[in-house]
Structure formats: C-alpha cells, structure tokens
Amino acid sequence: MNPYIVLKSVVTLFSFWYCVYYLWRDYRLDAFREDLFAVRDEMFLYAANKSIRFDDRAYTMLRTRINDMLRFGHWFTMTRVIIVLTTHRKIDINLNPWEEAMSRLPLGVRKQMEEFDKRVRVAVLQYLVYQSFFRYIVMRPLTLLKNPFHANEVIEEPRVVRMVEQLEKDALEQEEEERRAEPVTA
Amino acid sequence: MAKPPSRTTVDNAVIEAHLRAKRIDSFTVIVRDSIKWGGLAVLGYWMYKSVVVLAGQTTYADIGFRILGNIKVSDGILYLFGVSGWVFGIGQSQLRRKNIKRTVPAKNALERIIDPNRTSSNLTDSGTTQPGDEI
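Chains F and X, in that order, are what the protein sequence lines are.
Sequential numbering of the first sequence, starting at 1343, is according to our numbering.
Sequential numbering of the second sequence, starting at 35, is according to our numbering.
Please keep in mind that the hints were generated in silico from the structure rather than gathered at the bench.
Just so we're clear, the structure is a prediction, and the values are computed from it rather than from any experiment.
A portion of the hints provided could be inaccurate.
Under the rule of at most 35 Å between Cα atoms (straight-line distance), these lysine-lysine pairs were calculated in the DSBU-like manner [unchecked claim]:
no.: 1; chain 1: F; residue 1: 1350; chain 2: X; residue 2: 83
no.: 2; chain 1: X; residue 1: 83; chain 2: X; residue 2: 106
no.: 3; chain 1: F; residue 1: 1392; chain 2: F; residue 2: 1453
no.: 4; chain 1: F; residue 1: 1432; chain 2: F; residue 2: 1453
no.: 5; chain 1: X; residue 1: 132; chain 2: X; residue 2: 70
no.: 6; chain 1: F; residue 1: 1350; chain 2: X; residue 2: 135
no.: 7; chain 1: F; residue 1: 1460; chain 2: X; residue 2: 135
no.: 8; chain 1: F; residue 1: 1392; chain 2: X; residue 2: 135
no.: 9; chain 1: X; residue 1: 141; chain 2: F; residue 2: 1453
no.: 10; chain 1: X; residue 1: 56; chain 2: X; residue 2: 70
Turn these sequences into a full structure, and let the hints steer you where they fit.
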C-alpha cells in the first residue's frame, strides 16, 4: 500500500481518536455541568423569592446532590451504573429523608422542587447516554421518536439514578476520609 | 415473626456489594483503557511501518510535500473543514472558560450576600474538575 496514504490515514485516525476520547468527553461533561448549574441557579432564585427557605431540608438536600454531581460527574459512566445496579440489587436504599423533607412542603412548592429534581435526573440520564460518541451517534436520532426507550419511566423512577448517586457519594466520602487520614509527607 | 436483619448484617451486605462493584469496575477500566491505548498503539505501529518504508528514500520535507501534493482539491476542502472544526471547538471552549472565570465569582459573591451559608460545587474558577478529584 502507498505509504503516503497510510500516513494520511494515521494522522486522520489519530485526530478522530483524540476527539472521541478527550474532546467529546470534555464537551459532554461541560454540557452536563451546564444543565446542573442551570437547575441550581433557578432553584436559588426560587428560594431568593422566598418560595422556600435556604435552610429547608429539601432545598439543602437537592443542592448538595447537585453540588456532588457537579464535582464528581466525571465519575459517572454507563458501565458503572450497570455494575452498581447489578451488584446492589438486593440493597435497599433509604429514600425516606428526601421523601420526608418533601412531604413537609406545601403542595405548590413540593411540585416545583419535584420539577427541579426531575430535571437533575434527566440531566444525569442524558449525560450517561451521550457520554460515548458512538452511543450519541446511534441514540440521538432515536430521540426524535416519541419516548424511544421508555425514558420517561426511567426518569420517573427515582431509585435508578438516586441509587447510583448515593453509592458514588458514599464511595467518594470514604475515599476522602482515607485521604485525610493519610499522614502528610513532605 | 421474622427477625429484621441487624444493622451489622446490612452494613456487611453493603460493604460486600461495594467490593464486588469495585472489582468489576477495575476490570472494566482495564478493558476500556486497553481498547483506548491499544488503538493508539496500532496507529503508532502503522505510522512507524510507513516511515520505515520511506526511510532512506526521501527526506521529511519530501514526505510533507508528497502528502500535500497528493491531496485532491475536494479532499483538501474536507481537511480544511475538519481542521477548522477543531480550531473553532477548542477556541469556543477556551472562551467559555475565560467567561466563567470572569463572571462567576461576582455572581457567587452576590449569592453569598443573600444566602451566607451558600454551598459550593468545589470546581475550579474556570468550572473544571479540581486536579485532586480527577482520578
């Protein structure tokens, strides 16, 4: 084969490799963070309008979750979600604190907070699916169809996303504690 | 009546599941990285082979000129399109980071006046992952 053609192909393929493994991932992470920042900002304005207190349990819980996902979003991958869902099938995640906090809110406020929560879940799901360039190429056209993979049902099911978030958070907190416990070396 | 599982049993089950997940995750990371770096290694090998074929026959300048000389106008337009896409994308991304760095601190300071206990995402000033959180 003509070595010049091989060289040209290698350079082009390397560009594509870099795009798929670095630029695309950075872009999807930025898009995910942008979605979360948008929800967080709207929630802040909602609280600033005195619709909900800044120290309300539901507000602080959702804000903390958003902050954790902003910080550690790069850890979320589709493979990890599948692994966690299969290995933690029998473990019951306690959703009571969130539900309790929500139940104390007036109906209108609760509905709005649920809307914020739903948008966070949509952002997580979208990020997980579109994170891979090849998955994006396959899935994006399908989103033009109505409810292609019963995505709404998945989004409506808080266990799926929250379980992953909770477990990621637990693992990260544990690692942070371990890091803090390590003796500081010069 | 059946006895509910004790706290320790539940904790052990959680730790057990965490460990199982971690083990499988480590394996998938190895597979994923093998595909990623293996692909790069194959590209490097092809590059090496084509350079070996050309070795002694031509200079680097010749290789460059021959590659450029062999490009058809239609291909050239496609390359130009690809490269300009790169430049545009990277430029936009950098511009956005600069914009975040410039505008966000003021917004955060204002928010802190309204909510003194405001919590943060702990990202960098330009909205990227903290170096310590990357791995």
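Next on the checklist: To test your reading of the hints: which numbers does this structure violate?
Outcome noted: 6
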